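Residues per chain, in single letters:
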Amino acid sequence: MNSSLKLNQLKEKFGSAILRADLPNDNCLFVFVEPSVVKDICRYIFRDLDARYIISIGADDRPFSGRFLVAHDFAFDRDQLLCSILTHLPADNPKVDSISGEIPAANWAEREISDMVGIETVGHPYPKRLVLPDGWPDGVHPLRKDVPWNHVPEGFDEERAYKFDDPPAGCTVVPIGPFHPTLDEPAHFRLYVEGEMVRGCEYRGFMVHRGIEKLAESVLTYNDITMMAERICGICGCVHSVAYAQAVESAVAIKPPPRAEYMRTVMLEIERLHSHLLWVGLACHIVGFDTLFMQSWRIREPIMWIAEKITGNRKTYALCLIGGVRWDITPEVKTELRLVLYKLETEWHEVVAAVGKDKNIQKRTRGVGIADKNLVKNLGLVGPVARSAGVDLDCRRDHPYAAYRHVDFAVITEDGCDVWSRLMVRAKEVFESIRIIRQCLDKIEEGPLQSEIRDELPVGRLGLSSVEAPRGESHHFVITGENNRPRRWRVRAPTYQNLQAVPAMIKDQQLADMTISLGSIDPCFSCTDRLETIDMESGLTKVWTQDELFRLVRDRKG
Amino acid sequence: MDHNISWIILGGLANIALVLLVAPFYQGILRKVTARIQSRQGPPLRQPYFDLLKLLGKEDLESGETPLMQRFACYLSLATVLTVASLVPMGFPSPINGAGDVILLIYLLTLSGICTLLAGLAAGSTFSLVGINREMMTMIALEPLFAITIVIGAIHTKSFRIDTVLNGSVYAAGFPLSGIIMLVVMLLSFQAFVQRVPFDISEAETEIMEGPLMEYSGPKLAIFKYSQMAKLVLFSSLFVALFVPWGTGLVFPLGWLLFWAKVMVLVLLVTLVAATHARYRIDQAIRYFAVLLFIALVALILASYGF
Numbered sequence: 421m422n423s424s425l426k427l428n429q430l431k432e433k434f435g436s437a438i439l440r441a442d443l444p445n446d447n448c449l450f451v452f453v454e455p456s457v458v459k460d461i462c463r464y465i466f467r468d469l470d471a472r473y474i475i476s477i478g479a480d481d482r483p484f485s486g487r488f489l490v491a492h493d494f495a496f497d498r499d500q501l502l503c504s505i506l507t508h509l510p511a512d513n514p515k516v517d518s519i520s521g522e523i524p525a526a527n528w529a530e531r532e533i534s535d536m537v538g539i540e541t542v543g544h545p546y547p548k549r550l551v552l553p554d555g556w557p558d559g560v561h562p563l564r565k566d567v568p569w570n571h572v573p574e575g576f577d578e579e580r581a582y583k584f585d586d587p588p589a590g591c592t593v594v595p596i597g598p599f600h601p602t603l604d605e606p607a608h609f610r611l612y613v614e615g616e617m618v619r620g621c622e623y624r625g626f627m628v629h630r631g632i633e634k635l636a637e638s639v640l641t642y643n644d645i646t647m648m649a650e651r652i653c654g655i656c657g658c659v660h661s662v663a664y665a666q667a668v669e670s671a672v673a674i675k676p677p678p679r680a681e682y683m684r685t686v687m688l689e690i691e692r693l694h695s696h697l698l699w700v701g702l703a704c705h706i707v708g709f710d711t712l713f714m715q716s717w718r719i720r721e722p723i724m725w726i727a728e729k730i731t732g733n734r735k736t737y738a739l740c741l742i743g744g745v746r747w748d749i750t751p752e753v754k755t756e757l758r759l760v761l762y763k764l765e766t767e768w769h770e771v772v773a774a775v776g777k778d779k780n781i782q783k784r785t786r787g788v789g790i791a792d793k794n795l796v797k798n799l800g801l802v803g804p805v806a807r808s809a810g811v812d813l814d815c816r817r818d819h820p821y822a823a824y825r826h827v828d829f830a831v832i833t834e835d836g837c838d839v840w841s842r843l844m845v846r847a848k849e850v851f852e853s854i855r856i857i858r859q860c861l862d863k864i865e866e867g868p869l870q871s872e873i874r875d876e877l878p879v880g881r882l883g884l885s886s887v888e889a890p891r892g893e894s895h896h897f898v899i900t901g902e903n904n905r906p907r908r909w910r911v912r913a914p915t916y917q918n919l920q921a922v923p924a925m926i927k928d929q930q931l932a933d934m935t936i937s938l939g940s941i942d943p944c945f946s947c948t949d950r951l952e953t954i955d956m957e958s959g960l961t962k963v964w965t966q967d968e969l970f971r972l973v974r975d976r977k978g
Numbered sequence: 008m009d010h011n012i013s014w015i016i017l018g019g020l021a022n023i024a025l026v027l028l029v030a031p032f033y034q035g036i037l038r039k040v041t042a043r044i045q046s047r048q049g050p051p052l053r054q055p056y057f058d059l060l061k062l063l064g065k066e067d068l069e070s071g072e073t074p075l076m077q078r079f080a081c082y083l084s085l086a087t088v089l090t091v092a093s094l095v096p097m098g099f100p101s102p103i104n105g106a107g108d109v110i111l112l113i114y115l116l117t118l119s120g121i122c123t124l125l126a127g128l129a130a131g132s133t134f135s136l137v138g139i140n141r142e143m144m145t146m147i148a149l150e151p152l153f154a155i156t157i158v159i160g161a162i163h164t165k166s167f168r169i170d171t172v173l174n175g176s177v178y179a180a181g182f183p184l185s186g187i188i189m190l191v192v193m194l195l196s197f198q199a200f201v202q203r204v205p206f207d208i209s210e211a212e213t214e215i216m217e218g219p220l221m222e223y224s225g226p227k228l229a230i231f232k233y234s235q236m237a238k239l240v241l242f243s244s245l246f247v248a249l250f251v252p253w254g255t256g257l258v259f260p261l262g263w264l265l266f267w268a269k270v271m272v273l274v275l276l277v278t279l280v281a282a283t284h285a286r287y288r289i290d291q292a293i294r295y296f297a298v299l300l301f302i303a304l305v306a307l308i309l310a311s312y313g314f
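Residue numbers (this note's numbering), protein chains in the order written: chain A, 421 to 978; chain B, 8 to 314.
Source of the hints: derived by calculation from the structure; they are not laboratory data.
Because the structure is a prediction, the values reported are computed rather than measured.
Virtual Cβ for every residue (Gly too), placed ideally from N, Cα, C.
Be a bit skeptical, because a hint or two may be false.
Stated by the list, open to error - Okay, the calculated bits of chain B under chain A, using three or more residues with CB under 8 angstroms as the criterion:
(1) 36-46
(2) 126-137
(3) 196-209
(4) 283-295
Use the sequences and the hints to build the structure in full.
Right under this line is the structure:
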């Protein structure tokens, strides 16, 4: 009764402003409201009802309802409830009140809505371009339905430079990125440094947009997108695939068979194991401790092999379909997986014991990259970053999906708020993942892997899904549509929120701590930069101009 | 007399040749042992020779703000290191004896630090400037440590002559307390002198992208790398000469082999420490050096009173 209880609370307060509500199930609530109350109702939900902000979504709904659509997603983690506040906006000159003043976490999401859908967020505290490249002409919004997916806009101005803010007085600018040894992917941090102290920073990212959401809305079909979603990220791809499939399943009320749910759980946990071990290695590399980097990756390797045995691939498992999974686990592989887990557990115990005693590594990580409870709340931080600040938050328990309601596991929290706590959270979560996989192997039921879908999926339904990725909650929002594909699909990777906290985390710290602070959120830029239709070029090569490169790319395609 | 001078020059050249020859080998050992500690196969021992040859064969690009200074800095770096090589005993008494006093040695080692500064200035990028900033802070803390060691040696041997100090070591007669203290201090700061983890702060690849060296490539990078490899051997030799001189008096092949074995032990120690530590921040490192410097000053006072 969670969803109806919350709805009644909202109705009491806002009464007639609530136009319509959908309660597809007990864990999902969609409330359609008047545009004028959006700001108030979001503030009420975020501050008074203490919900966690997830993401804001803008959609071009003109071909269907003649209007634009804006949704703000919230999570009531204690009540196992995901809630979306939706409002329709007029087709000409769409405007909506910005909620970023009340909810700082919405800063990026609202700027993205302005960039991509062209909905003005009135009163946004920092209305700078976020997603679109520097030279992109004003007034062209790629996610509008009248912009084709392969559209190359007229008037792309390669001379137009992004205007960065002025650095504070007395500070020099240290550019980290777009290419830096510790950034695996391009992103640009403009640090304001005074001596060795960082006083502030401006972020310019979204340099590797691949237009994935646009592609899904205009070219691919439902079951193609599970494969495409997996390619959002090279490390936690299965998470996106599962989250997307669950969002569609929740929208059209399909339930995958139990065996499929267990398979999803097993593969998600295998992915978490590989991701956490990978992260511990990278973090050690960043602080110059290469021995643990190598050892951690050595311990991780058998996980990759067993994943290959189950799915045919070390990573990018191609596991999910709408309503089921594609891979099964045989008794032989089960036995082998148990052996791999046993070996991993013993070796990881040794590593954790050694690291726990290591004063040297604690010196570099304790008190570094502080993100406290307040920051977690205001910026909607998730995953190990939130748990290291003592915020007891884990979608596997709070919004149970797949087979997580059938297994027993602990949610690891620490209260140091620093890089060391994040290291400890991840290190201990490895043991919980091992526990979960073992229980799944014991409990997994015989049966089909795929539920039968006879009819075309209904149109215009809304679906939400949150999956706990190794980095935090990965949230997918889907509106089902015609032609066997969704009308709108919005992905919110955990890094999207966590990255927004980096400027606060590195402020007034040593420059040397910048890379490990950034590394501690386990940033995944490709997850964050998932949409757009054009690539930015670095400008580092002198032989090719940006224009020539574009031409080269396009000619080859043609 | 002429005969004598030619021997001195030949000896000096022999020392230089020896350092150039064995430095990549010791680097190879360092890399191999590091790899074994990290459960890796590691490159073959001769890999550093190949690496240097490969870099030397690449195009000599000019980059950074002042390419001329960039070139000068790497040549000066190798030249300084090789000059030191001709002054340090390597299993034999140092070939160039009577060529100056120990102050020269202190100057030369400072000069090799200055080469890094020049290299960073020549690149002119923000990262290299951060790097030289750190390098300068490290130098200011480390130079006095080395100077104190040399001066204690000079006090005990009652001479400033370079050959006397280096051949006589800090102990001179018996086991003075100050000598033992300096042995410990130098052992604790040795990693910083050879610029390895946890004190590779001024280069810190994952933070400031090799700092001063970031604009170097091809032959110039090879020369810089070569001088860094030579530095490891030289500082180890100096350490052995000053603190573990025992056995140099043995008959030719034995004493000589013993010397290089001791250098090897030091290189292995450096490897082990580097493989088991994370990099310190510059402020943490400076605090660490400050403590060592204080202890070294106490040792200097003790030495001046004859302990």
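Each hint, compared with the structure:
Check result for the stretch 36-46 of chain B against chain A: holds, 4 residues qualifying (beta carbon to beta carbon below 8 angstroms, three or more required). Counting residues of the stretch 126-137 of chain B whose beta-carbon sits less than 8 angstroms from any beta-carbon of chain A gives 3, enough to reach three: the coverage restraint holds. Figure legend: the stretch 196-209 of chain B, annotated as covered by chain A; annotation consistent (4 residues with Cβ-Cβ distances under 8 angstroms, at least 3 required). Under the rule that three or more residues need a Cβ within less than 8 angstroms of chain A, the assignment of the stretch 283-295 of chain B holds, with 9 such residues.
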